[in-house]
Amino acid sequence: SAVISQKPSRDICQRGTSLTIQCQVDSQVTMMFWYRQQPGQSLTLIATANQGSEATYESGFVIDKFPISRPNLTFSTLTVSNMSPEDSSIYLCSAAGIGDTEAFFGQGTRLTVV
Amino acid sequence: SQQGEEDPQALSIQEGENATMNCSYKTSINNLQWYRQNSGRGLVHLILIRSNEREKHSGRLRVTLDTSKKSSSLLITASRAADTASYFCATDEGGSYIPTFGRGTSLIVHP
Numbered sequence: 001s002a003v004i005s006q007k008p009s010r011d012i013c014q015r016g017t018s019l020t021i022q023c024q025v026d027s028q029v030t031m032m033f034w035y036r037q038q039p040g041q042s043l044t045l046i047a048t049a050n051q052g053s054e055a056t057y058e059s060g061f062v063i064d065k066f067p068i069s070r071p072n073l074t075f076s077t078l079t080v081s082n083m084s085p086e087d088s089s090i091y092l093c094s095a096a097g098i099g100d101t102e103a104f105f106g107q108g109t110r111l112t113v114v
Numbered sequence: 001s002q003q004g005e006e007d008p009q010a011l012s013i014q015e016g017e018n019a020t021m022n023c024s025y026k027t028s029i030n031n032l033q034w035y036r037q038n039s040g041r042g043l044v045h046l047i048l049i050r051s052n053e054r055e056k057h058s059g060r061l062r063v064t065l066d067t068s069k070k071s072s073s074l075l076i077t078a079s080r081a082a083d084t085a086s087y088f089c090a091t092d093e094g095g096s097y098i099p100t101f102g103r104g105t106s107l108i109v110h111p
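Residue numbers (my numbering), protein chains in the order written: chain A, 1 to 114; chain B, 1 to 111.
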């Protein structure tokens, strides 16, 4: 199994500012994903982080709002830009190996925008 | 879009009882995974079952998969108060290997 370290674990931010969340995996993985979980809801996929190229975003999520980097196989960042209170959520990083394998998650970042 | 849908949405039982949660999905899958989440924290991976498997066990957990009915169940036997959590199933919609989550089942185990 992969151990995923995500930071910060929580933050309270002013509207209009940006927050960058970091995700570090302890082993090389093929796939990395970013999810959002709004209060009391399920997880919604934001994007698949691709190494060395632009992330693949899901419908409703755009690069200008959620820029993602993945410079190597074990590290990725998600930035939540120009935040508003509606961005208050838990953001979760996930990683998986090649093909038909388990996807593991970090502890999440609980973001509150005031 | 949500692929898996858990049922029931909420379950309240006494310690020692068994808890059964169900998950239904719409499209073909390579695998289905079950996760536990405590109080809005990160997800803990419980079991992965592949489309060619029908049943898997892990400790007090038993997962079944019926691809003809596009459904799975998670059984927790002899539940404990520490099992109180939300449980999610995730499928790789259309065989994409990208986990897509259902709404989850909130389980409360009373001591």
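The hints are simulated quantities; they were obtained by calculation from the structure and are not laboratory data. Every residue, glycine too, gets a C-beta built ideally from N, C-alpha and C. Possibly wrong hints are sitting among the right ones.
Claimed, not checked - Think about it this way: if two alpha-carbon atoms lie no more than 25 Å apart in a straight line, the pair counts; the simulated SDA-like pairs of lysine to any residue are:
id : chain 1 : residue 1 : chain 2 : residue 2
1  : B       : 26        : B       : 98
2  : B       : 26        : A       : 101
3  : B       : 56        : B       : 8
4  : A       : 7         : B       : 56
5  : A       : 7         : A       : 22
6  : B       : 70        : B       : 41
7  : A       : 65        : A       : 40
8  : B       : 69        : A       : 102
9  : B       : 26        : A       : 22
10 : B       : 26        : A       : 7
11 : A       : 7         : B       : 41
12 : B       : 26        : A       : 57
13 : B       : 69        : B       : 40
14 : A       : 65        : B       : 8
15 : B       : 26        : A       : 65
16 : B       : 69        : A       : 7
17 : B       : 26        : B       : 109
18 : B       : 56        : B       : 66
19 : B       : 70        : A       : 22
20 : B       : 26        : B       : 13
21 : B       : 26        : B       : 103
22 : A       : 7         : A       : 58
Stated by the list, open to error - Just a sample of chain B residues kept apart from chain A, beta carbon distances all over 12 Å, derived:
id : residue
23 : 11
24 : 17
25 : 45
26 : 109
Claimed, not checked - Computed beta-carbon distance windows for the label pairs:
id : chain 1 : residue 1 : chain 2 : residue 2 : range
27 : B       : 40        : A       : 59        : 31 to 37 Å
28 : A       : 27        : B       : 111       : 37 to 43 Å
29 : B       : 82        : A       : 38        : 24 to 30 Å
(message) Output the indices of the hints that this structure fails to meet, ascending.
(response) 4, 6, 9, 10, 13, 14, 15, 16, 17, 19, 20, 25, 27
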